Amino acid sequence: MESRNIGSLGHSLDLWSELPQSFRDGVLSGSTTAVRRVHKGISGSKGAWRPLRPAFVDRAHYDELGRVSARLMKLILDSCRRRATTAGELQDVLGVNGADTPLLSRTEPLDEHLLVAARPDIVYRSGVPWFVEFNIDGALGGTLQADLLASRFRDLFRPLPRGDRIDAPPSAVDSRFARIRRTLELPEGARVAIPVFRKGAAPGLEDPDAFLAWLAPMCESGRRHGMNTVACLMDQLETGEHDVLLLDGERVDAVFRLFLSFDQPPGEGLDALIRAVRARQVRMHTPEATWLLSDKTTMAWLWEDKESLPEADQLLIGRHLPWTALFPAPGPEGDELLRHALGHRAELVLKPAGGYGGGGVVLGPDVSDEEWRDALERAAREGRHILQRHVTPDRLALDFYDQETGAVEHAEVPFVLGPFMFGGAPSGVLVRHGVPGGGPVLNAHHGALMSSVLLVDRC
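The numbering of the sequence shown is the numbering used here, which starts it at 1 and goes up by one.
No lab work stands behind these hints: they were computed from the structure.
Because the structure is a prediction, the values reported are computed rather than measured.
For every residue, glycine included, the Cβ atom is placed at its ideal position computed from N, Cα and C.
Each statement offered as a hint is correct.
Computed beta-carbon distance windows for the label pairs:
1. 48 with 112: 41 to 47 Å
2. 307 with 95: 20 to 26 Å
3. 279 with 409: 53 to 59 Å
4. 31 with 336: 57 to 63 Å
5. 203 with 267: 20 to 26 Å
6. 83 with 125: 27 to 33 Å
Can you build the whole structure from these sequences, using the hints too?
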């Protein structure tokens with residue numbers, strides 16, 4: 001595929017400065033009370049700062065970003081299929097502990113059905129998108145936050161001059177449930193459970209009752225798509241005869257998995273789900289095989305395989321995927337890679353291959369030589385890390401207000417863009433960005449804010 005247009009427009013992702021002055025004046029003159037209503041009740045962001053607006057993105061760029069994302073997903077799957085034919089073989093090649101995948105069907109083929117749900121993590125440098133991670137899995141948080149923020153900001157700004165040129169992206173929540181119904185081939189009225197999990201919930205959803213209430217709009221979307229969708233506590237799940245999965249004594253046809261199983265504490269509900277999955281008595285969105293595709297090792301494989309790929313794919317990888325290598329590398333190459341890492345600290349990032357949420361990430365430019373050496377030595381002992389070229393990110397220039405004091409402050413903050421991909425098509429967009437005085441790791445548990453985008457029709 002061609003990628004000649006994407007990121008070559010000579011401007012940042014955010015079109016704010018190109019919007020009509022009358023529209024910008026209307027946005028900035030709006031009351032913080034109205035913006036407070038936009039953010040009201042939306043979980044996932046810590047602290048008191050909230051942005052007065054989202055990013056404004058060219059619709060054509062959004063569409064092209066979806067096409068590039070879909071192609072990179074396929075290339076990642078292909079890199080896995082060159083090394084394995086089943087989920088079990090892939091697990092072995094990756095070196096993932098079997099205890100970390102209790103819901104995995106080892107015989108599941110590595111087919112394109114695994115590309116049903118994804119969200120890449122994209123940073124921009126000089127207007128060019130770089131895919132620094134690619135989450136291909138069902139446990140993707142942020143769909144409801146992205147939908148609510150985009151639709152609420154759209155409704156707030158639509159009455160302004162030229163407000164008819166902006167719109168929210170397609171609903172990520174509805175796109176996801178449409179895909180669940182279609183890919184699992186569920187009949188009308190099929191019962192779908194969304195278990196609330198105990199570890200890994202977004203900030204503000206640690207309380208199970210709050211989590212259940214938060215999932216209500218998702219259950220409504222499931223019902224709109226013809227599925228009897230119910231949120232429940234994990235420990236409400238149990239198994240009956242032949243290991244059929246039950247909730248309140250009634251059969252569950254499918255489970256919408258928003259959690260990583262290895263991260264959850266032991267419990268009767270999780271044990272019941274494991275039994276039902278292994279007995280093939282329940283469908284799951286997504287099967288745990290998808291989580292293996294999210295392993296950052298696959299990005300290193302793309303760089304290993306790059307020269308054997310068609311020219312268009314080589315160009316795509318070179319332009320949008322930062323150089324990535326397994327660390328430690330096997331054999332004599334390991335010593336060479338270590339020397340390279342020690343000599344190029346400021347240009348590199350060290351990441352656990354199976355990590356998520358920013359855990360264990362070491363940014364070379366932000367640590368001392370001694371801290372970098374210690375991190376490399378620790379990673380060499382533990383294994384299963386990657387080294388990746390650090391992408392110095394563009395920044396969003398935003399105005400923030402403090403929910404506690406009402407103060408307004410302008411700041412240029414780093415950001416990560418995450419378009420949700422369901423069935424290979426883009427829908428809502430999750431943006432995580434920093435706050436005034438914030439740190440470099442952009443994760444909700446590290447103080448980053450969840451936000452979204454509005455699409456701009458430029459013609």
